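Peer 1: Using the hints, position chain B with the ligand against chain A.
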Amino acid sequence: MCLAVPGQVVELVDEANHLARVDVAGVLRTVNIGLLDGAGPGDWVLIHVGFALSKVDEEEALATLGLLRRMGEAFEQELEDLKASAIQ
Amino acid sequence: MKFVDEFRDADLGQALAAEIVATVEPGRHYKLMEVCGGHTHTIYKYGVDDLLPENVELVHGPGCPVCVIPMGRVDDGIAVAHEDGVIFTVFGDMMRVPGSRGTLLEAKAEGADVRMVYSPLDALRIARENPEREVVFFAVGFETTAPSTALTLMRAKAEGIRNFTCFCNHVTIVPPLRALLESPDLRLDGFIGPGHVSTVVGARPFEFIPADYDKPIVISGFEPLDLLQSVHMILRQLAEGRCEVENQYKRVVPYDGNTQALRVLEEVFELRPHFEWRGLGFISHSGLKLSGAYADYDAELRFTVPGIRVADPKACQCGEVLKGVIRPWECKVFGTACTPERPIGTCMVSSEGACAAYYNFGRFAREREVV
Ligand code: SF4
Numbered sequence: 002m003c004l005a006v007p008g009q010v011v012e013l014v015d016e017a018n019h020l021a022r023v024d025v026a027g028v029l030r031t032v033n034i035g036l037l038d039g040a041g042p043g044d045w046v047l048i049h050v051g052f053a054l055s056k057v058d059e060e061e062a063l064a065t066l067g068l069l070r071r072m073g074e075a076f077e078q079e080l081e082d083l084k085a086s087a088i089q
Numbered sequence: 032m033k034f035v036d037e038f039r040d041a042d043l044g045q046a047l048a049a050e051i052v053a054t055v056e057p058g059r060h061y062k063l064m065e066v067c068g069g070h071t072h073t074i075y076k077y078g079v080d081d082l083l084p085e086n087v088e089l090v091h092g093p094g095c096p097v098c099v100i101p102m103g104r105v106d107d108g109i110a111v112a113h114e115d116g117v118i119f120t121v122f123g124d125m126m127r128v129p130g131s132r133g134t135l136l137e138a139k140a141e142g143a144d145v146r147m148v149y150s151p152l153d154a155l156r157i158a159r160e161n162p163e164r165e166v167v168f169f170a171v172g173f174e175t176t177a178p179s180t181a182l183t184l185m186r187a188k189a190e191g192i193r194n195f196t197c198f199c200n201h202v203t204i205v206p207p208l209r210a211l212l213e214s215p216d217l218r219l220d221g222f223i224g225p226g227h228v229s230t231v232v233g234a235r236p237f238e239f240i241p242a243d244y245d246k247p248i249v250i251s252g253f254e255p256l257d258l259l260q261s262v263h264m265i266l267r268q269l270a271e272g273r274c275e276v277e278n279q280y281k282r283v284v285p286y287d288g289n290t291q292a293l294r295v296l297e298e299v300f301e302l303r304p305h306f307e308w309r310g311l312g313f314i315s316h317s318g319l320k321l322s323g324a325y326a327d328y329d330a331e332l333r334f335t336v337p338g339i340r341v342a343d344p345k346a347c348q349c350g351e352v353l354k355g356v357i358r359p360w361e362c363k364v365f366g367t368a369c370t371p372e373r374p375i376g377t378c379m380v381s382s383e384g385a386c387a388a389y390y391n392f393g394r395f396a397r398e399r400e401v402v
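Same order as they appear, the protein sequences are chains A and B.
Be aware that the first sequence starts at 2, since it is given in the numbering used here, and climbs by one per residue.
Be aware that the second sequence starts at 32, since it is given in the numbering used here, and climbs by one per residue.
So that you can see chain A by itself, here it is in the shape it has in the complex (with noise of 0.2 Å):
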């Protein structure tokens, strides 16, 4: 639950409640945006336990992901978390 992990705002599926979907290594789960001063498709955030914490430029996401691919297992299970999730 520590890590922050970067991932792409593919859409947003419902405004009012600040939900939007999100590339996540591959794995498009729903995430609460509503901690951001906006964001759209395109944009890259870090997202924490479900919420994006922060806007980041594509350069640092790619280099943050690569940093996470090589941490192994930690990743691993996050991403396997993260596939259990389903917000709404």
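The set of hints was computed from the structure by calculation and includes no laboratory data.
You may find that some hints are simply not true.
Straight-line C-alpha distance at most 27 Å; calculated BS3-like pairs for lysine-lysine [to be verified]:
1) A:K56 x A:K84
2) B:K139 x B:K281
3) B:K188 x B:K62
4) B:K62 x B:K281
5) B:K281 x A:K56
6) B:K139 x A:K84
Note that the coordinates shown come from a computational prediction; the quantities given were computed from them, not determined experimentally.
Peer 2: For chain B with the ligand alone, kept in the frame of chain A given last:
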């Protein structure tokens, strides 16, 4: 030096390591604390400390949210989980944290309905899907995680969901740092500041460290190069006789933090007068509880929470590890009675815990001798 070739830019890593060597005074011992468990993880994984001169020592701080939850709060959580009709939702890491009479995982095996969730919003969904049940969310984490709980509670309130409550164990980052700085058994020269918590709180709350304690702090990113650079920035401040808050992680952390997240924290939570930390004891104004406006969502008001207080097990030295007084492998039960499979202390549970990070990366076998 065997890990530097795995860095994003190995040459830069070597160059920074050389600059660090050039910055330190040979006869002086430097003790720097990395506050955040994510940093601990990177340091062991990449052997960042192997790139530092002998006289620069990194010690681990109290920034792993799972590690600081005291046994009594786990016992309280288990008591609520066993109440009739309750679905008790927790983050995966918390399932294995030992209380005085076992873990939530064991409570589940005994028949309590304990469910792992990825997000507090998953817990809220479970409440929506089970209107006849009481769904409790075991909230843990620093300011990184607390805004997510806050927004979830705001949503629950807006939807009028009545069967959802939060057992709040959120903590704040500044009070334990102040407690460490006040503690007589620890002499630190500077801090590697936490990256993710600072995306929310910003760099500003750490200004008391240079102002009141004359120590530098550099907010750092999570890559091995970030950490080397942050160490270099701290050492340069010390060499130049400066001490201030510097932000190495500017590309993600704004100096003022995430104002939207700070606003929701303000609305949903208030500070508790005291909160108990594993190994650190009670620290004033260090924990959050739900504000009056959210009292209906407070599990501590809806259920009888026993308020159990238990001393940490005798064998456990997590407190000393969390304060950076000893290194993980110096704990008497490290790797023998206490392993990630059967943790005695919390620092062995989460992959961000200092003991687990040590253990998982086999660092204990090749660590230099301690003097
Ligand atoms: S080895 Fe276990 S008991 Fe000892 S400090 Fe680490 S987690 Fe705590």
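Peer 1: State for each hint whether it applies.
Peer 2: Here is what the structure says about each hint:
1. Under the criterion of a C-alpha separation no larger than 27 Å, the hint pairing K56 of chain A with K84 of chain A is consistent with the structure, at around 22 Å.
2. Distance check on the hinted pair: K139 of chain B and K281 of chain B sit about 43 Å apart at the alpha-carbon level, beyond 27 Å; violated.
3. Taken as a hint, the K188 of chain B and K62 of chain B pair is broken in the structure, with Cα atoms around 47 Å apart against an allowance of 27 Å.
4. Pair hint K62 of chain B plus K281 of chain B holds up; C-alpha atoms about 24 Å apart against a cutoff of 27 Å.
5. Among the hinted pairs, K281 of chain B with K56 of chain A is consistent with the structure: their alpha-carbon atoms are about 12 Å apart, no more than 27 Å.
6. Restraint check for K139 of chain B and K84 of chain A: satisfied, since their Cα atoms lie roughly 22 Å apart, inside the 27 Å limit.
Violation of the numbered hints given earlier is confined to hints 2, 3; the remaining hints are satisfied by the structure.
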